[in-house]
Amino acid sequence: MLNTLNRSLMRAASRVRRAINQNMKVLSLMIILLFCPILLLGGEVDEGLATTSDVYAQVMQIEKELFIIRNFFGISQKAEFREIRKAQLKPRHVWQKTYEIIVKINILRRINSLPIIEPVNMEPVLNMDPILVYEQTQRILTELRIVRFRLGIEGEISSLEKFSNKQPMDVYNKLKEVSALLDVINGSEFTPSYVFGEAMRIYEDVNTILSKLLIRDLTIPPEKLLKVTPGDTQLTALFLLGKLSELEQGIGIEGVDASVFFQDEPNPADVFELTQVILAELQVIKATLGIRHVITQAAQYYTQKTPADANQLLGWSLLKINQIVTLR
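The sequence shown begins at 13 in the numbering used here and counts up one residue at a time.
These are computed hints drawn from the structure, not numbers from a lab.
Any given hint could be a false lead.
If you anchor each label on the Cβ, the simulated ranges turn out as follows [to be verified]:
id, residue 1, residue 2, range
1, Glu166, Glu75, 35 to 43 angstroms
2, Glu277, Lys174, 34 to 42 angstroms
3, Asn198, Gln309, 18 to 26 angstroms
4, Gln261, Phe161, 46 to 54 angstroms
5, Glu235, Ile80, 45 to 53 angstroms
6, Arg122, Tyr215, 20 to 28 angstroms
7, Ile128, Glu75, 18 to 26 angstroms
8, Gly254, Lys224, 19 to 27 angstroms
9, Phe84, Asn139, 34 to 42 angstroms
10, Gln261, Glu166, 47 to 55 angstroms
11, Asp276, Ser223, 34 to 42 angstroms
The structure presented is a predicted model; accordingly, all values stated were derived computationally and were not measured.
Glycine included, C-beta positions come from ideal geometry on N, C-alpha and C.
All chains, full assembly: derive it from the sequences and hints.
In structure tokens form, the structure reads like this:
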């Protein structure tokens, strides 16, 4: 698989070099635009309304709501998950994790014959304040209480606890535990079809960036490989996240270390998590380029998709991002 991707990247790079020779003035202008970040984007931060510790406290309330739902269904299984360690996570990564929670609430609704809701998305912002993540926790709490009302699940959660000195990584890991608890309640994890839906969102965001930069897309879809495993798709997603990190370094954005998300034996849920990290990075890149009013749409509902489908689509996005990186 790696050889196939490398050959595709080499062919893409060759086509990009030809395009540069044909239209150097236009592409030079795009490089100037790309590597001079827009730093004067105001109005994105509401200081002091909520801290990361406040967000953590709300996630604890979410967990309590889920305990009531789990007990209602007579489930005794505990949630198992792997914490992220030594990662410089930002509120944007935590926000994307809350999106994952809402997707899983939709699975809970579908299992119980309730119409699904469209997960909330937001305009790209350059510096995400914890208050925006706090807002998401309130949406999640509201949706869980609606589910409880519809299913006749009674019970009261304990009072809000106070926390201090919590960091985004603490909130992220607590949300991972909440996500795993929802898997226990739903009796299932994400399938490759859900991963494909997120890969499509990534693909559309990447196309938006190329369009903004007026870069002609010279890529073609990479070969759809047979017998692809979640491990293969994880590697493709990590390569894509690595390329985005290269791009971010060039435009003054502090990215995230992709290696902390690597798993020896990943499943589709682990790959789904990587897609959310990628989407978080794409949002800050969009904000830096001034693409502030193009909101990434929620994923469509797909069925019968395989790891090969998601791997091919993520590989195509990788080729597209590589076009931009090669202009440095």
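These are the hints, each one checked on the structure:
At roughly 18 angstroms, the beta carbons of Glu166 and Glu75 sit outside the given window of 35 to 43 angstroms. For the pair Glu277 and Lys174, the supplied restraint of 34 to 42 angstroms holds, since their beta-carbon distance comes to about 38 angstroms. Our hint of 18 to 26 angstroms for Asn198 and Gln309 holds, since their Cβ atoms are close to 24 angstroms apart. The hint said 46 to 54 angstroms for the Cβ distance between Gln261 and Phe161, and at roughly 48 angstroms that hint holds.
Under the hint 45 to 53 angstroms, the C-beta atoms of Glu235 and Ile80, about 49 angstroms apart, fit the expected range. Separated by about 25 angstroms at the C-beta atoms, Arg122 and Tyr215 satisfy the suggested range of 20 to 28 angstroms. For Ile128 and Glu75, the Cβ-Cβ distance of about 22 angstroms falls inside the hinted range of 18 to 26 angstroms, so the restraint holds. Between Gly254 and Lys224 the CB atoms are about 22 angstroms apart, so this pair conforms to the stated range of 19 to 27 angstroms.
Look at Phe84 against Asn139: about 40 angstroms separates their beta carbons, and that is inside 34 to 42 angstroms. Checked against the hint of 47 to 55 angstroms, the pair Gln261 and Glu166 passes, with Cβ atoms roughly 52 angstroms apart. Between Asp276 and Ser223, the C-beta spacing of about 38 angstroms keeps the proposed range 34 to 42 angstroms intact.
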